[in-house]
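Q: Chain by chain, the residues run as shown.
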Amino acid sequence: MKLTEDDLYRTSTQFKHWSFTPSQLAAQRLQTNIQASERVKAAVQRQRAQRAKQLDPASASESDRNGTPVPLDREVNCLTVAEEKKLVDTFCEKAIELGGFFKFPIEVTATGIQFLRRFYLFNSPMTYEPQTISRSAMFVANKTEGHHMPLEKYAAGFPKATSEQVLAPEYLLVQALRFNFDIRHPFRALKGGHLDMIEMARGNAYTFASHILKTAALLTDAYFLYTPSQIWLSAHLLADELLTLFYLSTRLPPSSPLHSKTLTTLRSCAALLSSHHTFTSPTTSAADKAAKDKKEKEEVQLLIKKLRQCRDPDKLDLVKLNQAQKRDAVDGEGLEEKKAKRRKLEREGYQKEADSFWGPELPRRENGAGGK
Amino acid sequence: MSKAASRANGASTKRLAEDGDICPVCKSSRYLNPNMRFRVNPECYHRMCESCVDRIFSHGPAACPIAGCKRTLRRARFREQTFEDLKVEREVDIRKRVARVMNKTESDFETLRDYNNYLETVEEITWNLILKIDLEATEKRLRLWEEAQKAEVESINSTVSRRLHTATDTVDPQSDTARVILKKSGVQRKALGPSSANTPEPGAMDTGLKDTGFTFAGLKKRVAPEPEKPFDPYGGWNIEPQYYTVMDDYDVDFISGAKTDVHHLAGGYDIRDFYSRALCEAFSGFGVFVEEEVIARENQASGDVGVGTQTAATVADGGKEVNMDDIF
Ligand SMILES: [Zn+2]
Ligand SMILES: [Zn+2]
Numbered sequence: 001m002k003l004t005e006d007d008l009y010r011t012s013t014q015f016k017h018w019s020f021t022p023s024q025l026a027a028q029r030l031q032t033n034i035q036a037s038e039r040v041k042a043a044v045q046r047q048r049a050q051r052a053k054q055l056d057p058a059s060a061s062e063s064d065r066n067g068t069p070v071p072l073d074r075e076v077n078c079l080t081v082a083e084e085k086k087l088v089d090t091f092c093e094k095a096i097e098l099g100g101f102f103k104f105p106i107e108v109t110a111t112g113i114q115f116l117r118r119f120y121l122f123n124s125p126m127t128y129e130p131q132t133i134s135r136s137a138m139f140v141a142n143k144t145e146g147h148h149m150p151l152e153k154y155a156a157g158f159p160k161a162t163s164e165q166v167l168a169p170e171y172l173l174v175q176a177l178r179f180n181f182d183i184r185h186p187f188r189a190l191k192g193g194h195l196d197m198i199e200m201a202r203g204n205a206y207t208f209a210s211h212i213l214k215t216a217a218l219l220t221d222a223y224f225l226y227t228p229s230q231i232w233l234s235a236h237l238l239a240d241e242l243l244t245l246f247y248l249s250t251r252l253p254p255s256s257p258l259h260s261k262t263l264t265t266l267r268s269c270a271a272l273l274s275s276h277h278t279f280t281s282p283t284t285s286a287a288d289k290a291a292k293d294k295k296e297k298e299e300v301q302l303l304i305k306k307l308r309q310c311r312d313p314d315k316l317d318l319v320k321l322n323q324a325q326k327r328d329a330v331d332g333e334g335l336e337e338k339k340a341k342r343r344k345l346e347r348e349g350y351q352k353e354a355d356s357f358w359g360p361e362l363p364r365r366e367n368g369a370g371g372k
Numbered sequence: 001m002s003k004a005a006s007r008a009n010g011a012s013t014k015r016l017a018e019d020g021d022i023c024p025v026c027k028s029s030r031y032l033n034p035n036m037r038f039r040v041n042p043e044c045y046h047r048m049c050e051s052c053v054d055r056i057f058s059h060g061p062a063a064c065p066i067a068g069c070k071r072t073l074r075r076a077r078f079r080e081q082t083f084e085d086l087k088v089e090r091e092v093d094i095r096k097r098v099a100r101v102m103n104k105t106e107s108d109f110e111t112l113r114d115y116n117n118y119l120e121t122v123e124e125i126t127w128n129l130i131l132k133i134d135l136e137a138t139e140k141r142l143r144l145w146e147e148a149q150k151a152e153v154e155s156i157n158s159t160v161s162r163r164l165h166t167a168t169d170t171v172d173p174q175s176d177t178a179r180v181i182l183k184k185s186g187v188q189r190k191a192l193g194p195s196s197a198n199t200p201e202p203g204a205m206d207t208g209l210k211d212t213g214f215t216f217a218g219l220k221k222r223v224a225p226e227p228e229k230p231f232d233p234y235g236g237w238n239i240e241p242q243y244y245t246v247m248d249d250y251d252v253d254f255i256s257g258a259k260t261d262v263h264h265l266a267g268g269y270d271i272r273d274f275y276s277r278a279l280c281e282a283f284s285g286f287g288v289f290v291e292e293e294v295i296a297r298e299n300q301a302s303g304d305v306g307v308g309t310q311t312a313a314t315v316a317d318g319g320k321e322v323n324m325d326d327i328f
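Here the protein sequences line up with chains C and S, keeping their order. Heads up, the first sequence is in UniProt numbering, so the first residue is 1 and it goes up one at a time. Heads up, the second sequence is in UniProt numbering, so the first residue is 1 and it goes up one at a time.
Watch out, some of these pointers could steer you wrong.
[As the list claims (entries may be wrong)] As a list, the in silico DSSO-like pairs of lysine-lysine whose alpha-carbon atoms are at most 27 Å apart:
| no. | chain 1 | residue 1 | chain 2 | residue 2 |
| --- | --- | --- | --- | --- |
| 1 | C | K294 | C | K103 |
| 2 | C | K160 | C | K86 |
| 3 | C | K352 | C | K94 |
| 4 | S | K220 | S | K104 |
| 5 | C | K292 | C | K94 |
| 6 | C | K85 | C | K292 |
| 7 | S | K104 | C | K2 |
| 8 | S | K259 | C | K214 |
| 9 | C | K103 | S | K259 |
Treat the hints as calculated values from the structure; they're not laboratory data.
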């Protein structure tokens with residue numbers, strides 16, 4: 001029984017569950033956005049209705065006096081798909097800085113970023129705040145990659161974050177990942193390719209390709225659309241086109257029908273990688289880059305401001321939600337009434353089922369065994 | 001036997017004796033000596049108290065003090081009684097002894113019928129021993145059978161160990177190690193008889209000609225177990241790279257340190273493992289065109305609904321709601 005390298009990759013969850021076509025990706029993002037927007041709108045509506053009920057006896061002027069002008073009837077301005085994606089990308093970038101700050105190995109940071117990207121494929125930043133989630137994602141990534149980091153030490157690294165805040169979205173995140181923790185990175189692959197290529201040439205292509213893998217490859221959809229092997233080859237293609245092409249022809253003869261297909265795939269992957277703003281080819285000047293970065297920063301600032309306007313009010317305090325979930329508490333804002341009711345019904349159902357099997361609970365004797 | 005003896009005593013002591021509260025040798029009773037304990041010897045199963053055993057047998061083997069029994073008993077073989085009825089005690093002992101020798105299982109026989117016949121024979125000789133019919137002949141047959149079994153096991157063990165030795169070193173059979181084994185099995189054969197001492201191959205020893213005490217129809221011949229194959233952690237699968245070949249060594253800066261680093265080497269780290277892993281990862285998925293395969297997979301998945309692993313792909317289609325619990 002034989003297995004090829006490709007078969008090995010096909011068994012990974014990354015291929016099975018987390019590989020998409022570009023149109024699938026776009027469709028999924030659109031759907032996530034629509035669902036989240038509807039949710040936010042509904043939640044805000046509900047809150048307003050509640051507030052209106054409370055304020056009913058008092059006049060509207062009272063709310064003005066409180067100094068909190070409530071934009072009562074204005075429609076919530078939700079983020080668009082593109083804006084959402086931009087936000088996620090930004091927080092992925094910030095995650096790299098975070099990894100640098102904690103001096104995590106690149107695998108940990110990379111895994112954390114991919115967790116984040118996977119999470120926001122099915123969830124919107126409007127529902128769950130990217131900053132909170134990225135903190136958790138990085139912490140989960142530490143555990144996944146076997147890099148020991150005590151929770152307290154990790155939480156202490158943030159100016160305003162508690163251990164609870166790091167842990168609260170953990171289960172949510174892990175569930176959104178469908179418990180697929182294995183991320184296939186192209187880092188070791190690049191090393192392998194470097195080993196294989198070293199016989200042909202010695203250059204600094206490795207360093208540059210590695211840099212691309214650690215930035216652009218992580219910050220784009222490359223992991224969703226291409227395999228690690230293709231990603232590192234594309235990065236290498238950007239780093240040293242001639243060498244890579246020559247290398248490719250030694251591994252895959254140009255006469256092979258796969259050759260042109262592979263090359264097309266690599267080129268499109270390379271285009272994706274180079275389209276990212278962190279990518280700097282040797283030709284871009286420093287001034288250009290600075291201008292690009294500044295523009296980027298301004299855009300993001302605006303987006304974050306917008307995000308504050310359209311956050312899902314139900315999911316603001318994840319810590320409280322998490323505690324409520326754990327306690328199964330029914331009190332107040334934690335759980336909606338409907339959910340609490342459903343849980344109660346479920347519990348009763350289990351009880352009934354158990355009773356029909358074991359018979360009802362025995363009546364308790366009052367005066368010990370001596371009763372008549 | 002003991003029951004019959006105690007019945008001869010007076011009516012008042014009868015009940016006590018039956019309960020085993022009076023030593024038939026020294027007549028002391030538990031009524032006076034609450035710590036009294038009884039012992040039996042499987043030679044004749046006569047009960048007596050511990051102090052009698054100490055008194056009579058502390059200077060070596062002596063005759064049983066019970067009237068009419070002249071068997072020689074040894075102190076070491078006295079033991080506590082497990083069953084109240086000494087007949088049961090004796091039968092259990094006999095059955096234990098027979099079962100140790102006659103230890104075939106159903107899988108040792110060709111058919112169930114053969115096995116049942118064997119069981120029948122075993123039961124028959126058990127009862128012979130219990131009821132003391134043909135005692136001497138039965139004992140002898142049992143002994144012969146036991147020896148034959150032992151010799152058979154020994155010959156198999158020696159073939160297995162010889163196989164091991166020949167597998168590990170390719171020295172000819174006349175070497176020291178081979179001779180040692182032959183000598184060992186020779187000792188066993190001497191116990192059986194002088195005729196087989198010169199047989200070069202212990203497995204070739206013909207047990208059919210010797211008196212083994214019993215012959216059972218349909219009994220499979222014991223064969224040495226197949227030599228164990230080396231453990232294959234991949235269960236028969238192996239990775240056959242299509243795009244690369246791993247070389248023995250690579251001269252690259254970033255691994256030259258690890259090659260000589262004692263921290264790496266101490267644990268048995270082999271740099272070649274890194275080579276093959278890195279190269280495998282370099283090309284793992286090289287020929288997987290995601291777009292193409294995902295579409296193909298989807299077409300297939302829509303054919304058979306409910307394939308769990310495919311749900312993520314179908315979900316991504318945008319049609320269905322992602323099946324994820326909102327935990328909050
Ligand atoms: Zn006594
Ligand atoms: Zn006796």
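Q: In ascending order, which of the hints set out earlier in this document are inconsistent with the structure?
A: 3, 7
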